[in-house]
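If you want the building blocks of each chain, they are given just below.
Protein chains: 2
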Amino acid sequence: MIKTITGNRDFAESLRGKRSSFLLCMSNTKTAAIEGITQAGIPGMLHLTPTLDAEFIAIGEVRSLGTIAETPKGVPTPALITRAVHLLHPFREIEMLDLGLEITPKLEHFKLHSFGIAPSGSIAEGANIPAEEVFEKGIAFAQNLVLQSDYIILGESVPAGTTTALATALALGYDAQDKFSSSFKNAPSGIRARVVDQALARIDENDDLFDTLSKVGDNMLIFNAGFILGLQSRDIPIVLAGGTQMACVLLVINRILQMMEGELDTAKIALCTTKWVAEDTSSDIKALLEMVDFPINAYYADFDFSLTSHPALKLYDEGEAKEGVGAGGALMYALLNGITKDSITRKVESFLQ
Amino acid sequence: MIKTITGNRDFAESLRGKRSSFLLCMSNTKTAAIEGITQAGIPGMLHLTPTLDAEFIAIGEVRSLGTIAETPKGVPTPALITRAVHLLHPFREIEMLDLGLEITPKLEHFKLHSFGIAPSGSIAEGANIPAEEVFEKGIAFAQNLVLQSDYIILGESVPAGTTTALATALALGYDAQDKFSSSFKNAPSGIRARVVDQALARIDENDDLFDTLSKVGDNMLIFNAGFILGLQSRDIPIVLAGGTQMACVLLVINRILQMMEGELDTAKIALCTTKWVAEDTSSDIKALLEMVDFPINAYYADFDFSLTSHPALKLYDEGEAKEGVGAGGALMYALLNGITKDSITRKVESFLQ
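Top to bottom, those sequences are chains Z and D.
Residue numbers are given in this note's numbering: position 164 of the first sequence equals residue 164, and the series is strictly consecutive.
Residue numbers are given in this note's numbering: position 159 of the second sequence equals residue 159, and the series is strictly consecutive.
Same chains, same names: a pair is fine if it fits in one copy or spans any two.
Calculated lysine-lysine pairs in the BS3-like style (CA-CA distance at most 27 angstroms, straight line):
id: 1; residue 1: 106; residue 2: 3
id: 2; residue 1: 106; residue 2: 286
id: 3; residue 1: 3; residue 2: 18
id: 4; residue 1: 18; residue 2: 268
id: 5; residue 1: 111; residue 2: 3
id: 6; residue 1: 314; residue 2: 3
id: 7; residue 1: 106; residue 2: 18
id: 8; residue 1: 275; residue 2: 347
id: 9; residue 1: 106; residue 2: 268
In case anyone wonders, no lab produced these hints; they're calculated from the structure.
Next comes chain Z alone, as it looks inside the complex:
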């Protein structure tokens, strides 16, 4: 079942039975190298997470490392959920967007879009992103995109991405403190707060919007702001498959529109996340979505791991992992196409045997 966070259910229902393309935004920010900042990946190998996630959703195995990315507590990557959906009710196509990767996924026969975007720096020292350029690349990508399906599900894999998103939202003047989720059950607020403070301290009062994004953002946030605005001239519905990071993309768009005195037609845009994000008590995606000037439909897929007894998956229900690699949007796609919670659970379990 699909539940509504903001807006109404009509847009989601209109996608029932439609075929979707899954686009995965992969990006590295040096912010992830800060000790203890994220749980999304293997310690010392966090930069590999998006690469391994891409390999796993596309072909069901990881080539750039021996095993599937797990968090230190043994929570497997949400890529398992996205892959399970792809096996049960395949996406029309999977395409990858290299938004600044350190290691390219080892895949043949899958479309990998490259934009000449470098991994971004740590926001503690300045992300150093050519923000306007990355933004414009997002617009251009939207304008030239050729799609074989009815709509896009846009996922992301950006280790430490909730930290850069929090810093970005605060730097853009939103009251976003305590509203961003974390890959940890208990967000590492000490470390994260210190990093965000360091990032915000670098903002100068003369900085314009893109100067700010250059310092505290990440490539995914900036590119996708451009991508979504670029889609306005196309007739392609899009589901932002993610939690508070995707909400932050909308916060960025909101400031860009205010700057340009523009408007966003959101009739064909929605956000869809997981139940773990929607019900997370240490973040507040609904509050973030209500900070933008435009109406936005947002949903979550009513899926949890109550039907499994696998201890690693149970950790999701305990809040140790919540979202990523488009899991929320993928679950919505499955549920909208008649795939049951039980089938999804069994398929995810099959990867862990």
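Given the coordinates of chain Z, work out where chain D should sit on it, guided by the hints.
For chain D alone, kept in the frame of chain Z given last:
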């Protein structure tokens, strides 16, 4: 699940969720009339097998004879598998290629491509095929093909086709003895060996490649060599849905390329067969595939009849029938689209009630 025989899994994975057209090559060779040479069909009516297979996969009934083609031991044609897949996850279209049929399938509304190709003679007495002409018709077909789908699954129904394939491979100088499968569990090596010897005895040292193919080949092998080479100028992925006969098409192509000093781009070509062929101990498809100069992705669909208790289907698992009518490729198509082994089994069983 799709398993890899040669190459890697990427090409197969890239077809997940894509729609396919199913093309069935139907051909008669008088070789099938040799007593005891094949188990693919009804004794005395073997020439009808491709006609009946085509009718059954297209419309679910046989019109040119009262009952579905069965082998003497009661093994039903693999067309049942292909038809089951088509019911569970339909092909975008089914088209028939008459590559020398004695009896045309009685079908309306299905595209039947005719090429003015006559049934070929028995290789024991000279197949008497206008090989260059048939080859060129394959090229022309590829160049003019209009497709509504993302890729082609190419199946075949040629009674005695493994015998003509074995003779062809040997005549072309491949070390192919004991590497070709048979419709029998225990290949009729006495009869087959005698026929192949008779065929090879007809080869003259002055024969060129096409002279040789004219004498010992069959229309399917020669036409498809042209078809696949013709597809090089098109952007259409193709799955050769078959076992050692389809491997032989690649052996033929390999010799043609050597003669022309040409190359084959195999990025969009794969072979897919059944588990019964892949695990057959009396043939060796992997060895055949490794004899060509180009890399080739080859797979098998991890499907067997372990979930049924129907005695006629159990014979597959005992090796009495292995492949044909594109069963391996059809199974891959089903598995790549989320159809379960259990559903396929139940659907095939339903035809036998």
